[in-house]
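Chemist: Residue numbers (numbering that gives the first Met the number 0): 0 to 251.
Honestly, the hints are just simulated from the structure, not real lab data.
Don't take every hint at face value.
[Said to hold, decoys possible] The following label-pair restraints were derived from C-beta to C-beta distances:
(1) 205 - 166: 15 to 21 Å
(2) 121 - 222: 30 to 36 Å
(3) 98 - 218: 40 to 46 Å
(4) 110 - 182: 29 to 35 Å
(5) 164 - 138: 33 to 39 Å
(6) 209 - 160: 24 to 30 Å
(7) 107 - 139: 46 to 52 Å
(8) 219 - 195: 19 to 25 Å
(9) 93 - 231: 51 to 57 Å
(10) 231 - 160: 25 to 31 Å
(11) 139 - 172: 22 to 28 Å
(12) 108 - 157: 37 to 43 Å
[Claimed, not checked] Below, a list of computed lysine to any residue pairs in the SDA-like style, where the Cα atoms sit at most 20 Å apart:
(13) 157 - 190
(14) 217 - 230
(15) 165 - 230
(16) 217 - 181
(17) 198 - 120
(18) 217 - 195
(19) 168 - 192
(20) 157 - 224
(21) 219 - 150
(22) 217 - 102
(23) 198 - 170
(24) 198 - 186
(25) 219 - 152
(26) 219 - 156
(27) 165 - 218
(28) 219 - 160
The beta-carbon is built from N, C-alpha and C at its ideal position, and this holds for glycine as well.
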Amino acid sequence: MDIKVKGLLTPERLREVLALVEAGAGINCYFDGRLRLQASVEIVRGCTYADETSSSDAEDLGPTTDQEDDEDRWDGPLPAYISGIVDNSPEALERQRLRQERERREAIRTAQSRELQQRLSREYRMSRELFGRLRLQYGQMFIDSINAEIAAVWREVKPMFLVNCKDGKTGQPRLMPQLEMRGNTVYFHGFNLSGSTMKITTPVATMDRTLGSRPIWKYKEWVEYAVPRITAVIDEYAEKAHLMKSALQPRA
0 MDIKVKGLLT
10 PERLREVLAL
20 VEAGAGINCY
30 FDGRLRLQAS
40 VEIVRGCTYA
50 DETSSSDAED
60 LGPTTDQEDD
70 EDRWDGPLPA
80 YISGIVDNSP
90 EALERQRLRQ
100 ERERREAIRT
110 AQSRELQQRL
120 SREYRMSREL
130 FGRLRLQYGQ
140 MFIDSINAEI
150 AAVWREVKPM
160 FLVNCKDGKT
170 GQPRLMPQLE
180 MRGNTVYFHG
190 FNLSGSTMKI
200 TTPVATMDRT
210 LGSRPIWKYK
220 EWVEYAVPRI
230 TAVIDEYAEK
240 AHLMKSALQP
250 RA
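Model the full structure from these sequences, guided by the hints.
Modeler: What follows is the structure, encoded as structure tokens:
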């Protein structure tokens, strides 16, 4: 293992390096900096200098005493991190490579997640704008067409509860949601036992601040069957009204 020490070389840092050198065979130490000591440079046994600094550059105050030798001896555990020491051993380089690879993959995942969130948010805003315009232009006829497709899905697929919950038990049929217009506002009703309603701006999705948007319900029959059929109805009316999603200016 090669160790390169950068910056000002103090007695404390040299003692840390010597502890590493004495810890095992095959360790080479290189100094990259000027040596400034208040003791003999003879304590730097087994080390070479990367910048050819000679021992005459050091301040030699004479031989050390027994007390100083005791102070220079390192008997404790090696520190987890020694500032200024660069470990370029194959093991350290491999750890660095793996860390950089993890950071690269994480950066890619973060960028992809942000891109997906922005795309879903943009699609939700366009769907909301399109649904609002068609609702105003075609009124109850538009709403009835969507309800007819939802009813067709329930007849064909027969959605059931897969687990017990407050609205039903495993194996029981799911209640069928239906759209209802109240003035200029559209609601979902009939989807649970309590009879509550849900105000919506588009039946295709709802806003999600983390994901951008998400389906109103997550169970398979709704996501994979009902939502595509609803989308097809919206597209059909949009074509009749000569509205294109790409031409819409979605509101924030």
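Chemist: Against each hint, give a clear statement of whether it holds in the structure.
Modeler: Consistency of the hints with the structure:
1. 205 - 166: 15 to 21 Å: With Cβ atoms ~18 Å apart, the hint holds.
2. 121 - 222: 30 to 36 Å: violated, 20 Å
3. 98 - 218: 40 to 46 Å: Given about 41 Å between the Cβ atoms, the range holds.
4. 110 - 182: 29 to 35 Å: Once the Cβ atoms are compared, 43 Å apart, the range 29 to 35 Å for residue 182 and residue 110 is violated.
5. 164 - 138: 33 to 39 Å: Holds - the Cβ-Cβ distance for residue 164 and residue 138, about 35 Å, lies within 33 to 39 Å.
6. 209 - 160: 24 to 30 Å: Holds, since residue 209 and residue 160 (Cβ atoms, about 26 Å apart) stay within the stated range.
7. 107 - 139: 46 to 52 Å: Holds - the Cβ-Cβ distance for residue 107 and residue 139, about 48 Å, lies within 46 to 52 Å.
8. 219 - 195: 19 to 25 Å: Given a distance of about 23 Å, which is inside 19 to 25 Å, the answer is holds.
9. 93 - 231: 51 to 57 Å: Holds - the Cβ-Cβ distance for residue 93 and residue 231, about 54 Å, lies within 51 to 57 Å.
10. 231 - 160: 25 to 31 Å: Given range 25 to 31 Å: holds, Cβ gap about 26 Å.
11. 139 - 172: 22 to 28 Å: holds, 27 Å
12. 108 - 157: 37 to 43 Å: holds, 38 Å
13. 157 - 190: holds, 14 Å
14. 217 - 230: holds, 16 Å
15. 165 - 230: Roughly 29 Å separates the two Cα atoms, so the pair is violated.
16. 217 - 181: Violated, at about 26 Å.
17. 198 - 120: holds, 19 Å
18. 217 - 195: holds, 18 Å
19. 168 - 192: holds, 12 Å
20. 157 - 224: holds, 11 Å
21. 219 - 150: holds, 16 Å
22. 217 - 102: Since the Cα atoms of residue 217 and residue 102 sit roughly 32 Å apart, the hinted pair is violated (cutoff 20 Å).
23. 198 - 170: violated, 28 Å
24. 198 - 186: holds, 4 Å
25. 219 - 152: holds, 12 Å
26. 219 - 156: At roughly 10 Å apart (the allowed maximum being 20 Å), residue 156 and residue 219 satisfy the hint.
27. 165 - 218: Holds, because 15 Å separates the two Cα atoms, which is no more than 20 Å.
28. 219 - 160: Cα-Cα ~11 Å, so holds.
The structure does not agree with the numbered hints 2, 4, 15, 16, 22, 23 stated previously, though it agrees with the rest.
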